[in-house]
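My request is simple: use the sequences and hints to build the entire structure.
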Amino acid sequence: MSVRITIDGKVVEAQEGEALIDVAADNGVYIPSLCYVRGKPCLGTCRVCSVRVNDSVMASCTVPVTDGMEVKVNEPEVTDMRKALVELLFVEGNHNCPSCEKSGRCELQAVGYEVDMMVSRFPYRFPVRKRDHVSKHIFLERDRCIFCQRCVEFIRDKESGQKIFSIDDRGTKASIEIDVELADKMPPEQVREASDLCPVGCIIEKGRGYDEPIGQRKFEIQSVRERALMGDEK
Amino acid sequence: MSRKLVIDPVTKVEGHGKVTVHLDDNNRVVDAKLHVVEFRGFEKFVQGHPFWEAPMLLQRICGICFVSHHLCGAKALDDMVGVGLGSGIEILPTAEKVRRLGHYAQQLQSHSTAYFYCVVPEMLFGMDAPPEQRNILGLVEADPELVKRVVALRKWGQEVIKTVFGKRMHGINSVPGGVNKNISTTERDRLLNGEDGLLSIDKVIKYAQDGLNIFHEFHEKNRKEVDSFAEVPALNMSLVDDDGNVDYYHGKMRIIDKDKTIVAEMDYHDYLDHFSEATEEWSYMKFPFLKDLGREAGSVRVGPLARVNVTKAYSASTPLAKAALERFHDYTKGKANDMTLHTNWARAIEILHSAELIKELLKDPDLQKDQLVMSPPEGAWTGEGVGVVEAPRGTLLHHYRACEEGNITFANLVVATTQNNTVMNRTVRSVAEDYLGGKAEITEGMMNAIEVGIRAYDPCLSCATHAMGQMPLVVSVFDSEGVLVDERVR
Chain Y
694 MSVRITIDGK VVEAQEGEAL IDVAADNGVY IPSLCYVRGK PCLGTCRVCS
744 VRVNDSVMAS CTVPVTDGME VKVNEPEVTD MRKALVELLF VEGNHNCPSC
794 EKSGRCELQA VGYEVDMMVS RFPYRFPVRK RDHVSKHIFL ERDRCIFCQR
844 CVEFIRDKES GQKIFSIDDR GTKASIEIDV ELADKMPPEQ VREASDLCPV
894 GCIIEKGRGY DEPIGQRKFE IQSVRERALM GDEK
Chain V
488 MSRKLVIDPV TKVEGHGKVT VHLDDNNRVV DAKLHVVEFR GFEKFVQGHP
538 FWEAPMLLQR ICGICFVSHH LCGAKALDDM VGVGLGSGIE ILPTAEKVRR
588 LGHYAQQLQS HSTAYFYCVV PEMLFGMDAP PEQRNILGLV EADPELVKRV
638 VALRKWGQEV IKTVFGKRMH GINSVPGGVN KNISTTERDR LLNGEDGLLS
688 IDKVIKYAQD GLNIFHEFHE KNRKEVDSFA EVPALNMSLV DDDGNVDYYH
738 GKMRIIDKDK TIVAEMDYHD YLDHFSEATE EWSYMKFPFL KDLGREAGSV
788 RVGPLARVNV TKAYSASTPL AKAALERFHD YTKGKANDMT LHTNWARAIE
838 ILHSAELIKE LLKDPDLQKD QLVMSPPEGA WTGEGVGVVE APRGTLLHHY
888 RACEEGNITF ANLVVATTQN NTVMNRTVRS VAEDYLGGKA EITEGMMNAI
938 EVGIRAYDPC LSCATHAMGQ MPLVVSVFDS EGVLVDERVR
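Residue numbers (our numbering), protein chains in the order written: chain Y, 694 to 927; chain V, 488 to 977.
Since the hints were made in silico from the structure, they are not lab data. Note that the Cβ used here is the ideal one computed from N, Cα and C, for glycine as well. Don't take every hint at face value.
Said to hold, decoys possible - With a straight-line Cα cutoff of 35 Å, these simulated DSBU-like cross-link-like pairs (lysine-lysine) come out:
1) 820/V to 846/V
2) 846/V to 799/V
3) 856/V to 899/Y
4) 739/V to 899/Y
5) 809/V to 739/V
6) 823/Y to 878/Y
7) 829/Y to 642/V
8) 878/Y to 531/V
9) 635/V to 745/V
10) 649/V to 911/Y
11) 911/Y to 799/V
12) 899/Y to 654/V
13) 820/V to 739/V
14) 856/V to 911/Y
15) 866/Y to 809/V
16) 829/Y to 733/Y
17) 642/V to 911/Y
18) 911/Y to 703/Y
19) 778/V to 520/V
Said to hold, decoys possible - Here are a few chain Y residues that sit away from chain V, every Cβ distance over 12 Å (derived from the structure):
20) 708
21) 730
22) 771
23) 796
24) 806
25) 823
26) 827
27) 828
28) 836
29) 885
30) 904
31) 913
Next comes the structure, spelled out in structure tokens:
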């Protein structure tokens, strides 16, 4: 059923139940996100797509549109809130963009640019996280994990459908884990898919690094904003 | 009353060091040392990272000679995956030539910075000229046209680096076994022909030749002062090809003495079999030396002066540099040149040599080919790699080991400035004796003479100890009981 909603004062039409973040993108309004992948089930973990919906702040990937909904995306308070969420992701892990092979292809880095993040207002935690290099094809660089859970939900063993990645423990002790036995069975194209799906440089395909020249990397060719507005499924 | 003079930090060098000069009751120099007082630890914190990150991470040790570190690391990774020259399998010609192009450009821009920005003002105004004059800003006032040329020359070098590595600083091009891009004809033609705001290669060569002539003219007028300034003995080391000519990217390590007799020659993979390192409690920088000859006799000089001493000739394809080198060799009648300020002469020759090498390389059609990476054969993984290049400041070595799963377990960097540590200390001592010995009052010009001696080596103390620093200068004079009696600050 067709419904009408208002985004930043502009009335737009959409199908009832569509994800608000998609409706906004289809109408030229970019909402940054880091866990959401268009066309896949909503995860709602990163909250970076937060907007004001009828006076409540909500993650727009989790909101199905309904008739008469009033949405504010670019008001100062909620814009700063999104920026703060991105800053928190940077300080929570250990992100060293200059030498990271995902630089130029990293969604966290790209979104950082989009929200105009120059420096974090929060102190860095510098957590101690162990890298996992045991798998044959994947190097797990835990310093960079933002716990989006894309890999957990969307990368599964081809035969059994079992999860290959999981989150162990909670809060500051949370850790991304890999089932090495299942991971070693992953065909090369699935390893590449997992690496590309990871919004940061946490899941690294062994032996692939730095194969795209500077200037020709994903978000250097087209910004994350332009990709989202074109309906990119990431 | 004995005195201790402290220059802290030394200025117009990369990194943070200080000099102490100890004078006895008659103001004679008892001791003089260059201390490197900073520490970083890149070798430690690269451990645990995936092996292919090492050249990207470790190049950030330096903002000047990052290309050298990047390429040195890349050569070590070639070895590690089993396609390096150490394995007897050469990477593809396009990959090697693209790397060389970036390497020569790095030498051109780095030498231009050291020579024109730091050395030329002191040559033109004198080392005892007021500090506010003997710098690049003083040169702007005195000769703005020269400075415009210098800026344009350095910019051109940086543009070549950007073309190869994607960025002017800390770019990425080399991957294990090759490179990730070639040079398009559009990029090549832009560098050869220039454009609005960018020199052509022929202009670059002309400006480089003019830069060398500045030294020639200065030397003609100040021959005695230049030649007698800190003539210190040392062996000379450089990478050379099979003909005994310098190869900035690859070759065997050759070490010669004053008579240019070869005292040692080695595959650089065997470096550790031939060299040992001494340490001193007063400096974070080590003192490498040839084991067979011991610490005093076995210390080597590296960098421009060492290279032009070691190389027999330059190729006929770089005719201007070839002629310049012959003039240099003729000056010491076939003997190795130990005159510290002639390092600046050698540096100016190498700017010209780099420019001519780049011109030759840009015309090579291999740069446009698209076979870029040599894949290692099955089971070729060695888990260990050594890379050596001739960085602008001299012979640079990276040595890595990684575990089967691919993370770095060991890294060792032996940089040019470290190799030069002993000879730099000899230079400090020599200048201190000549300029400070027997003098009751220490002037700004005397202090600067010591720095001029150090700057001839263009030391990168940040690379050598892996640190960053600031550049104010404090000279403190203490009496024999450690009481401050005089101090100058700038």
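Hints versus structure:
no. : hint           : result
1   : 820/V to 846/V : 31 Å, holds
2   : 846/V to 799/V : 22 Å, holds
3   : 856/V to 899/Y : 26 Å, holds
4   : 739/V to 899/Y : 32 Å, holds
5   : 809/V to 739/V : 21 Å, holds
6   : 823/Y to 878/Y : 23 Å, holds
7   : 829/Y to 642/V : 44 Å, violated
8   : 878/Y to 531/V : 34 Å, holds
9   : 635/V to 745/V : 39 Å, violated
10  : 649/V to 911/Y : 19 Å, holds
11  : 911/Y to 799/V : 48 Å, violated
12  : 899/Y to 654/V : 25 Å, holds
13  : 820/V to 739/V : 25 Å, holds
14  : 856/V to 911/Y : 24 Å, holds
15  : 866/Y to 809/V : 64 Å, violated
16  : 829/Y to 733/Y : 28 Å, holds
17  : 642/V to 911/Y : 28 Å, holds
18  : 911/Y to 703/Y : 31 Å, holds
19  : 778/V to 520/V : 23 Å, holds
20  : 708            : 43 Å, holds
21  : 730            : 26 Å, holds
22  : 771            : 35 Å, holds
23  : 796            : 9 Å, violated
24  : 806            : 16 Å, holds
25  : 823            : 9 Å, violated
26  : 827            : 6 Å, violated
27  : 828            : 8 Å, violated
28  : 836            : 10 Å, violated
29  : 885            : 16 Å, holds
30  : 904            : 5 Å, violated
31  : 913            : 9 Å, violated
Consistency note: the structure conflicts with the earlier hints numbered 7, 9, 11, 15, 23, 25, 26, 27, 28, 30 and 31.
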